[in-house]
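Peer 1: Dock chain to chain to rebuild the complex, using the hints, since each chain is given by itself in its own frame.
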Amino acid sequence: MFLYYLRLSALSYKRNPILSSLMVLAVAIGIGAYMVIYTLNYTMGGNPIPQKSAQLFHVQLDTGDPNRDNDAPEQLTYLDSMALLDAKRAQRQTASSKFTAIVEPANPEIRPMITNNRGVMADFFPMFDVPFLYGGGWDSSSDDSLEQVVVLSREMNERLYGGADSVGENLVMNGEVFRVVGVLDDWQPIPKFYDVNNGPFDPGEDLLVPWHHIVDKNYGRAGNTNCWKAIDGTGLQAFLNSECTWIQFWVELPNGGEEQAYLDFLNSYAAEQKQLGRFGRPLNNALFDVEEWMVEQEVLPDETQILSALAAMLLAVCLLNTIGLLLSKFLGKSAEIGVRQALGAHKGSLFIQHVIEAGFIGLLGGLLGLGVAALGLEGIKVLLGQEVMVTDWIQLNVPVVFVTIVLAIASTIVAGLYPIWRACNVNPAIHLKTQ
Amino acid sequence: MLQMTDVSKVFRTELVETHALKNLSLTVNEGEFVTITGPSGCGKTTFLNIAGLLETMTSGEYLLDGVNVSQLSDYQRAKLRNQKIGFIFQSFNLMPDLNLFDNIDVPLRYRGMRAGERKQRIDRALESVGLLARKKHLPAQLSGGQQQRVAIARALVGDPLFLLADEPTGNLDSNTAKGVMELLQEINKAGTTIIMVTHDQELANQSPRNIHILDGSISDTSDATGSRTTSAVDAVA
Chain A
0 MFLYYLRLSA LSYKRNPILS SLMVLAVAIG IGAYMVIYTL NYTMGGNPIP
50 QKSAQLFHVQ LDTGDPNRDN DAPEQLTYLD SMALLDAKRA QRQTASSKFT
100 AIVEPANPEI RPMITNNRGV MADFFPMFDV PFLYGGGWDS SSDDSLEQVV
150 VLSREMNERL YGGADSVGEN LVMNGEVFRV VGVLDDWQPI PKFYDVNNGP
200 FDPGEDLLVP WHHIVDKNYG RAGNTNCWKA IDGTGLQAFL NSECTWIQFW
250 VELPNGGEEQ AYLDFLNSYA AEQKQLGRFG RPLNNALFDV EEWMVEQEVL
300 PDETQILSAL AAMLLAVCLL NTIGLLLSKF LGKSAEIGVR QALGAHKGSL
350 FIQHVIEAGF IGLLGGLLGL GVAALGLEGI KVLLGQEVMV TDWIQLNVPV
400 VFVTIVLAIA STIVAGLYPI WRACNVNPAI HLKTQ
Chain B
0 MLQMTDVSKV FRTELVETHA LKNLSLTVNE GEFVTITGPS GCGKTTFLNI
50 AGLLETMTSG EYLLDGVNVS QLSDYQRAKL RNQKIGFIFQ SFNLMPDLNL
100 FDNIDVPLRY RGMRAGERKQ RIDRALESVG LLARKKHLPA QLSGGQQQRV
150 AIARALVGDP LFLLADEPTG NLDSNTAKGV MELLQEINKA GTTIIMVTHD
200 QELANQSPRN IHILDGSISD TSDATGSRTT SAVDAVA
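Protein chains in written order, with numbering that gives the first Met the number 0: chain A, 0 to 434; chain B, 0 to 236.
Don't read these hints as lab results, they were simulated from the structure. Ideal placement from N, C-alpha and C gives every residue a C-beta, glycine not left out. Among the clues, some could well be false.
Stated by the list, open to error - Which residues of chain B face chain A? A few of them, derived with a C-beta cut under 10 Å, are:
no., residue
1, 59
2, 65
3, 66
4, 68
5, 72
6, 76
7, 85
8, 88
9, 94
10, 188
Just chain B, same shape as in the assembly (with noise of 0.2 Å):
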């Protein structure tokens, strides 16, 4: 489903060549719940960015779906984004002054579907996180927790091949975080593939598989059954 191979990504000043990602190739399966761990700086997010297709690599091949996804255009990288990838941000990243159910109406908008099937499935991606009741309401009527709610649930109404997480819980108390990890865990169970950026060991520990970045190449990868593979250059599922 997500094919990476050899991807580097190298930003560039007048003064400075920063390698964010090195040779980095990884593979995701469907339905996997992937977790991707690292120092700050060490890539991770890069890696969330290029898989999200919000920035180009500088080299290497990415198959999205089976799609080689190097020689898109701006429109069909976007319209990839829109019908196969849905992102939650650390800082959920709403729109203040839409309300919840225009919210997540955003992505519904640009691929371009009838108000009558966009009214059916934003009700029922609301009612999925439990907040169809406040759909009338603005985000800075919630709680942080309710917030990121509503944008796993903008993340979801397209029906995603797969989430992308970065730092879901890092701007939510624990408590809070728990109930939003098991949100993501019950979503990844009815079958949508998740790779989540984290900070937070305890969390990446209870994912299937986690995958460690250091210095823009995978260091090692572990398994829930334990097993832990160390590698510089590759890890593969």
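In isolation and in its complexed conformation, chain A is listed as follows (with noise of 0.2 Å):
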């Protein structure tokens, strides 16, 4: 009967073009809208690393101002970061920063370009489950003899060597030689987890290199540095002595109860440097896995609430329309619905006819609604632009899609369900002498 009730819609459908038409734009509108909006909300609030979230730890050691009540830093010194280190408490970690370079490529045809790039540890690529293209990331050797390795970007890689495999070649960053391990395959996690501070939905490094680099080379620090005292005197030394913040800091703690150990060994250091003068504040570190450092950040910003909610009303004002074209369209097939009935048609069939029915209108509403979706995401993406943030990962995706066709559907049910009842209950006997 499915079949039977799916062929009378789209015949009911032809009958009442316009009616149909009317609803099916009003669905796709509310749909539509409130899809950009879902797909905004769903990639920026995804887990971008749902296989590891739970074991992944961002650290945060509270080294702020004693004579002010803000929130922790984000970020940690160099002192508390080659602690951490050298201690050596976790399965894997990695202090992780941004910087800059200038790049010469091999190639004379192609010009030297200045490179976004990142000191991370060895660990960075297995804790991250990085995916590589060719070659892999380096050990943790290279991190202490400061081996001057690289790893490059897939989009890198095709700049520099046409997308060849580049393992092994030597790439000159700021005049130095530098050995290729690895490049990386496709890798764009939204949010960018590994460092939302400065920008969770910024583009991917074009260049991983050894964190150690990044000092002993004093390469152009880009991102956030955050100092709430003044650094007691110049130079790189006084820089990296200082209460400065800079660095992110992540641990990986695979197995359970393996967090509370590792705080509570923060705290121990966080205690053995309030001796030494340092740690002003009352204990207040911390460790927060992936998808609480997301939510502690505030990644999802307060206006795409707003947004959700202006969505989700407008939504409903096109199905409160939908809801009085229904009604229009099966009160006008009274008389259809009486001679079914007088043929032998319970309430349930009707019924379970016109839930079928106000689902068609509600399918096609939803197709359409993708075109309406789809065309909003673009919109949104020149409004954004790529300068401001790397915008690839607005688009429809698997998911969204199916969300989209279920929610039309479902709604359009929803909305039909009281011109259904009316148009089941109507008397059959009024209906067959006056058709």
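Peer 2: Here it is in structure tokens:
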């Protein structure tokens, strides 16, 4: 009977094409607008590394100004980062910071370029399940020995080597030669969880090198640096000894119970530092897993919630219109409903027939809504522009398409319940005589 | 087969009560051709709607093929309607966007019959009214008489116990009406019971039994022998 009712729905659409199209349009506009916002929320608020997010922890040490009551710094100082790295209390750990450099391509036809880079530890790659197209990361000994190795992004490898396997090639960066050990595959976690305070939707880095090089070669640091206390002296060493925070620090704690042990370690480290005159605030150190860190950092801005509410209201208005249109359509079919009752249809079968008809309209509205949503998302891309943030992720994907269709069908059926109930309760006797 | 005892129907609004049927008692036996006549508003159609389980009665008892229908649920009434009653209406009531085959298919769909058997029955029903060759046509492509033949085929396709016809010739010219009447008589001769409401006394006179309703009650009955019974409350075959 399902296919039969579906066919009746198509015939009913054909019988009242204008009324039916108005309903489809109303659903499409409401659903399309809602799905634009849903897509943004879904992608921006999604878990970028679901398979490991509960095992990866961002380290926060409260080295803030003891005379102020503001939040703990999001990043760590160089002193603390080095102490945590040296302690090696986690299974894996990485410090991470942005820097810029000038790359001189071996190919003379390609002009030198300023690149956005990141210094990380060898553990960064296995910790974050970073995918490789060619080669791989470096090992811990390269961290300690300051080996001049580099991992390229896929795009940079495309620009410098035309996409060929460049592992083993030499790359000149800031006048020094680095050996290519790996090329990343497509990797653009959204949000960029490992560095949300420097732009959760910024593009990924061009090059990755051992983190110690940033200090060793005094690379031009990029990203946020926060100092609550004046730097005592001048020069790099003074900066490194300061309370300026500029390093993101992550640890991997794969087994249950390790989180508390690591936090205890952080607190005892902080207590030790207090005795040295640092950490002037009461103990307020913390570990945040990936999802907690996204919430803590308010990656999903408040504006998206307001937009969500507005989109939901628009959807509600469109569905209210649909209720009126469905009521008009279904009551216009009273004579047919009367005949069907005379021929043996009971209210249950009429109800199902009209639920399917409402669902059919919802399906068409959903399909058209996908077009509306795609247009809306393109509009948002244009509005934001690639200069502001990477926007390639703003697109309809399989889950969003699925949700759009299901939401369109379900909401139209819900909107149709009252009209359907009215239609199923017409007195057939009246309409059979007057048709 | 159809037995009504003291059936009454009252339509109520806030301001007025209308007694459409008053203690109507009637029995129709298998194979009969009964016409119901009476002036407009006398209760003919209300009787037909109650007989066809499209309306509930206010009081009384109605046995349809031995089943007391007064306590049946909507589902049970629909099932009885589908299996035991065929309807023919004055304005045909064909569905305009379904072709003839699909129009006749409707009651069989609600019976849950398999596609093969449905097709056989529909072809047979269309053949019996001489329209098999036009089964893919839409109702609008047919004349009024042909549309009524399709409606008759739809009423017959489920092999009902009886047909309820509400002024089946009311929208037809006299020649076409005659043809439809002859078809109904053939159907009756083949064994199907028919109860037909009509304004046309000439048609009523052609039926073996005519019941005249006045103000919601049976006023008199006449049969093919010409005998006539006048009664305010009762007419039993």
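Peer 1: Hints first: check each against the structure and report whether it holds.
Peer 2: Results of checking the hints against the structure:
1. 59: At about 17 Å, which exceeds the 10 Å cut-off, the nearest Cβ of chain A leaves the hint on residue 59 (chain B) violated.
2. 65: 20 Å, violated
3. 66: Violated - the Cβ of residue 66 (chain B) stays beyond 10 Å from chain A, reaching only about 16 Å at its closest.
4. 68: 14 Å, violated
5. 72: 8 Å, holds
6. 76: At 8 Å from the nearest chain A Cβ, residue 76 (chain B) passes the 10 Å test, so the hint holds.
7. 85: 9 Å, holds
8. 88: 6 Å, holds
9. 94: With a closest approach of 6 Å, the residue 94 (chain B) hint holds.
10. 188: At about 25 Å, which exceeds the 10 Å cut-off, the nearest Cβ of chain A leaves the hint on residue 188 (chain B) violated.
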